[in-house]
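2 protein chains.
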Amino acid sequence: MNVAGQTGTRYRAVIEYDGTAYFGFQRQVPEQPTIQGQIERALQQIAHRPVTITGAGRTDSGVHALGQVISFDLAWRHGPAALLRAMNANLPPDIAILVLDEAPPAFHPRYDARRRTYHYYIYNRPLRSPLRRQTSWHVVHPLNVDTMNQAAEVLVGVHDFATFGQPPKGENSVRQVFLAHWQPRNEFLVFTIEANAFLYRMVRSLVGSMKAVGDGSWTVSAFVAALQARDRRQAGDTAPPHGLYLVSITYDDAETR
Amino acid sequence: MNVAGQTGTRYRAVIEYDGTAYFGFQRQVPEQPTIQGQIERALQQIAHRPVTITGAGRTDSGVHALGQVISFDLAWRHGPAALLRAMNANLPPDIAILVLDEAPPAFHPRYDARRRTYHYYIYNRPLRSPLRRQTSWHVVHPLNVDTMNQAAEVLVGVHDFATFGQPPKGENSVRQVFLAHWQPRNEFLVFTIEANAFLYRMVRSLVGSMKAVGDGSWTVSAFVAALQARDRRQAGDTAPPHGLYLVSITYDDAETR
Chain S
0 MNVAGQTGTR YRAVIEYDGT AYFGFQRQVP EQPTIQGQIE RALQQIAHRP
50 VTITGAGRTD SGVHALGQVI SFDLAWRHGP AALLRAMNAN LPPDIAILVL
100 DEAPPAFHPR YDARRRTYHY YIYNRPLRSP LRRQTSWHVV HPLNVDTMNQ
150 AAEVLVGVHD FATFGQPPKG ENSVRQVFLA HWQPRNEFLV FTIEANAFLY
200 RMVRSLVGSM KAVGDGSWTV SAFVAALQAR DRRQAGDTAP PHGLYLVSIT
250 YDDAETR
Chain P
0 MNVAGQTGTR YRAVIEYDGT AYFGFQRQVP EQPTIQGQIE RALQQIAHRP
50 VTITGAGRTD SGVHALGQVI SFDLAWRHGP AALLRAMNAN LPPDIAILVL
100 DEAPPAFHPR YDARRRTYHY YIYNRPLRSP LRRQTSWHVV HPLNVDTMNQ
150 AAEVLVGVHD FATFGQPPKG ENSVRQVFLA HWQPRNEFLV FTIEANAFLY
200 RMVRSLVGSM KAVGDGSWTV SAFVAALQAR DRRQAGDTAP PHGLYLVSIT
250 YDDAETR
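Read top to bottom, the protein sequences are chains S and P. So for the first sequence, numbering that gives the first Met the number 0 puts the first residue at 0; every next one is plus one. So for the second sequence, numbering that gives the first Met the number 0 puts the first residue at 0; every next one is plus one.
Read the hints as simulated data drawn from the structure, not as lab findings. A few of these clues could be false.
[Unchecked claim] Derived CB-CB ranges, DEER-like:
#1 Val28(P) with Ala74(S): 45 to 55 Å
#2 Arg48(P) with Ala20(S): 34 to 44 Å
#3 His77(S) with Gly156(P): 49 to 59 Å
#4 His107(S) with Glu186(P): 26 to 36 Å
#5 Pro183(S) with Ser216(P): 49 to 59 Å
#6 Val155(P) with Ser216(S): 27 to 37 Å
By construction, the Cβ of each residue, glycine as well, lies at the ideal position given by its N, Cα and C atoms.
With the hints as constraints, model all of the structure from the sequences given.
Pasting the structure below:
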């Protein structure tokens with residue numbers, strides 16, 4: 000059956016997921032469950048034919064999202080509200096569609112994104128927490144939030160972040176950071192970073208090096224020198240994925256959360 | 000080998016757990032994992048003989064704890080700090096010992112408890128949340144926190160709570176509630192209740208009926224009448240277990256959190 004031309008309307012959806020059980024966002028081999036794979040499976044059950052989705056950010060295995068954005072084309076006659084309900088009814092409990100609306104035919108969730116915001120949660124107590132184990136990084140050593148914020152301040156502006164991640168093929172490693180700071184919240188230290196775009200592994204790499212500043216194994220100057228080196232080998236350890244959340248993405252017409 | 004007399008010191012421990020994967024606190028048949036079973040397994044690995052623990056509260060399947068209290072007797076020569084580390088090293092990631100100290104030989108976590116505090120989290124938004132699905136009850140209908148607090152106020156004082164739960168064998172169903180209120184916190188409604196003791200299923204039964212008040216299907220007067228009826232059949236639906244947390248227990252010498 001030739002289904003060319005039946006692509007229908009372009010939709011934009013905001014999704015939340017618990018990344019614990021998944022091999023990241025991007026579809027891979029069928030045996031490895033992914034966010035993309037689950038959403039495409041749900042859409043296929045609704046549309047009775049394969050539907051491919053595009054995501055704004057390719058979150059790693061174990062990374063969570065409160066405001067990931069996807070797009071897809073679908074011929075659907077019952078309105079966006081019914082489509083949202085149908086998708087949620089066909090998705091597993093750890094993935095949910097929060098918002099769904101029609102988008103312009105040329106809308107692209109990655110290329111059209113203006114700003115993305117991530118959070119990283121460090122649980123900074125001597126003993127591990129069973130209830131926070133899948134949603135934060137447990138750091139035993141007390142961290143100095145002041146020096147970590149001195150390091151975070153340096154990130155704001157336009158910089159070549161080659162030390163802290165790899166660009167997609169054909170892109171350079173210059174990014175503009177609008178906001179970067181650490182905030183204590185109960186037993187957590189919460190890092191917020193907003194940028195026009197991010198390199199692959201950039202937030203986790205930054206967090207790992209700022210954690211080294213916070214525990215005293217790096218000075219703020221060492222952190223600045225690492226940034227200026229533009230050399231991936233100068234980065235500290237990469238923070239684990241389960242403390243990271245893709246929080247929101249801003250487009251010209253909307254912010255997703 | 001006769002191990003009588005080798006009971007050693009009585010220890011008191013405060014524990015946190017994610018109840019998602021367990022058939023409640025209390026040890027049951029071996030095929031059903033329980034919190035008690037996991038802690039006793041860890042102690043057996045440390046002591047090389049069976050150790051039985053006693054818990055302050057028998058939390059149901061799926062209920063969480065931030066400050067459950069247990070006691071056990073053990074001959075151990077390396078001090079409480081080393082015992083805490085050894086236990087945590089032998090426990091799975093969803094159970095942790097937070098505090099451990101020596102207790103008087105007659106200490107009993109349930110009989111000696113003066114006050115217990117529970118929290119119940121309702122996630123009150125139209126759409127389900129993947130990241131909160133195991134730690135809160137998703138209620139779609141917008142709830143009226145004012146009428147729910149009118150119902151909660153009625154609970155404070157000494158009452159016969161027979162409508163809202165069953166007492167342990169040989170006990171009556173009169174309990175003293177010191178504090179009971181609902182508080183909005185972001186997208187959650189958080190119920191806090193502190194009492195000298197609770198009947199079996201009491202918090203979940205109260206929450207289920209107060210939720211009926213909040214969604215308008217019960218009046219506050221109907222809630223009061225149900226309380227006064229002292230009749231289990233007059234209770235509303237029981238709220239699900241995964242929104243419930245045993246937060247802390249107060250003893251004459253200490254509060255556990």
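Right, here's what the structure says about each hint:
The hinted window of 45 to 55 Å between Val28(P) and Ala74(S) holds, with their beta carbons roughly 53 Å apart. Checking the proposed 34 to 44 Å range against Arg48(P) and Ala20(S) shows it holds: the Cβ atoms sit about 38 Å from each other. At roughly 53 Å, the beta carbons of His77(S) and Gly156(P) sit within the given window of 49 to 59 Å. Hint check: His107(S) to Glu186(P), Cβ distance near 30 Å, so the stated range 26 to 36 Å holds.
The beta-carbon spacing between Pro183(S) and Ser216(P), approximately 42 Å, falls outside the hinted interval of 49 to 59 Å. Roughly 51 Å separates the CB atoms of Val155(P) and Ser216(S), a value that falls outside the hinted 27 to 37 Å.
Hint compliance for this structure: hints 5, 6 are not met, and every other hint is.
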